[in-house]
Amino acid sequence: MITRDFLLSIPKTDVHLHLDGSLRLKTLIELAQEYQVKLPSYTEEGLRAAVFKDKYASLEEYLAGFAYTTAVMQSEAALERVAYELAQDNQAEGVRYIEIRFAPQLHQHRHLTAVNVLRAVDRGLSRARAEFNARPEVASGSEPPFEYGIIVCAMRMFARGFSEYFDDLLSVHAHTDPRKVFGLASLELVRASVYARDEFGVPVVGFDLAGAENGFPAVDHKEAYHLAHKNFLQKTVHAGEAYGPESIFQAITDCHADRIGHGFYLFNPDKITDPSIEDREGYIADLSGYIADRRITIEVCLTSNMQTNPELKNLSDHTFKHMRKAKLSVTFCTDNRLVSNTTVTDELQKAVEAFDISPKELKNFVIYGFKRSFFPRTYLEKREYVRNVINYYESMEKRFGIASEK
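Taking numbering that gives the first Met the number 0, the leading residue of the sequence shown gets 0, the next gets one more, and so forth.
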């Protein structure tokens with residue numbers, strides 16, 4: 000039987016984890032008071048009632064909380080603190096590898112460059128890693144160490160008020176098609192990320208595209224993804240979260256996506272809008288088959304999908320059931336620990352209970368997270384790390400009497 004204690008004990012990953020959606024509420028309140036950011040409430044209970052709910056009426060309501068979190072993360076000290084605490088929170092529940100993603104340009108202003116934003120987050124994560132890995136059981140090699148990578152997020156679109164940086168960019172290019180300006184921002188973000196990686200050793204491992212999906216196609220950012228590709232940054236794209244299979248197709252073909260964030264509408268023919276696609280079921284079969292064959296991993300976020308898709312009433316109806324049947328490479332992620340009020344352990348427990356996942360399947364899904372991670376060092380080092388993780392996972396199976404090979 001797969002118990003919560005077992006789920007807590009096994010080594011886990013979270014490769015779809017938004018920094019600005021995963022603050023501790025206590026920290027949000029303290030930073031708001033320090034930086035004089037107005038909140039609807041200054042108690043944890045009040046913020047849960049007003050902003051960070053268990054259920055949201057729409058994606059827009061879900062995203063509203065980010066206006067408060069990003070507002071308190073406008074200094075190097077705040078960014079470092081939030082990253083440090085997020086690493087600690089993951090370590091506390093047995094997560095051994097995380098890929099924190101965020102949009103540096105939302106924190107960029109005349110006193111803070113994108114590179115310094117990245118370096119501040121890295122300092123927080125590095126400090127948490129050093130403290131955890133100094134523990135005797137880790138230092139001796141009996142437990143796998145904690146590791147991390149950073150994924151930078153470009154915005155599919157932005158408008159005045161998103162950040163000082165975006166305000167300035169829109170002013171400079173006031174007479175340019177906004178979609179071209181969106182692409183320019185993404186291109187500059189790749190350059191800054193590569194510079195931070197190569198000059199300062201910041202483990203920027205991937206490039207992502209987030210934000211409003213419908214009406215703001217990934218192709219606007221094709222040049223940025225091409226530059227990321229040329230500089231050996233791995234690629235993931237938020238796709239199929241609020242739009243259909245065509246968005247996922249574009250992420251793969253135009254953006255070289257190695258992974259897909261959410262992919263919620265991958266198997267929904269009603270979400271196909273291109274009139275030239277007459278055989279919708281065939282299109283989905285071809286697309287999902289391609290994803291399966293190339294092992295393009297889907298970053299599944301069960302709780303946040305339940306919160307942002309009102310039509311999804313029961314978790315057992317989540318499109319994961321189709322992903323599972325199609326033998327896709329899938330790993331479970333939190334998306335936003337604060338906004339979705341969840342943990343990796345919660346996500347795994349929900350998956351096990353809603354889909355009657357077997358011990359063998361669970362092991363595969365968990366290990367996929369490590370194998371398909373954008374690990375920040377060499378391939379051989381990654382293989383050694385994954386082997387260490389598998390050995391530790393199997394030791395936990397023995398400890399709890401779990402037989403995953405049956």
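Some hints here could point you the wrong way.
Claimed, not checked - Here are the simulated distance ranges between beta carbons:
1. N390 - A133: 16 to 26 Å
2. S394 - S357: 31 to 41 Å
3. K397 - E222: 26 to 36 Å
4. E198 - I276: 19 to 29 Å
5. R382 - I276: 32 to 42 Å
6. S275 - A402: 24 to 34 Å
7. S315 - H110: 27 to 37 Å
8. E136 - T2: 13 to 23 Å
9. D176 - D285: 30 to 40 Å
10. R294 - S357: 44 to 54 Å
11. H321 - I276: 26 to 36 Å
12. K320 - D285: 13 to 23 Å
If you're looking for bench data, these hints aren't it; they were derived computationally from the structure. All values derive from a computational prediction rather than experimental measurement. Glycine included, each C-beta is placed from N, C-alpha and C at the ideal position.
Checklist entry - Against the structure shown, which of the earlier numbered hints fail to hold, in ascending order? => result Those not satisfied are hints 2, 3, 4, 6, 7, 10 and 11.
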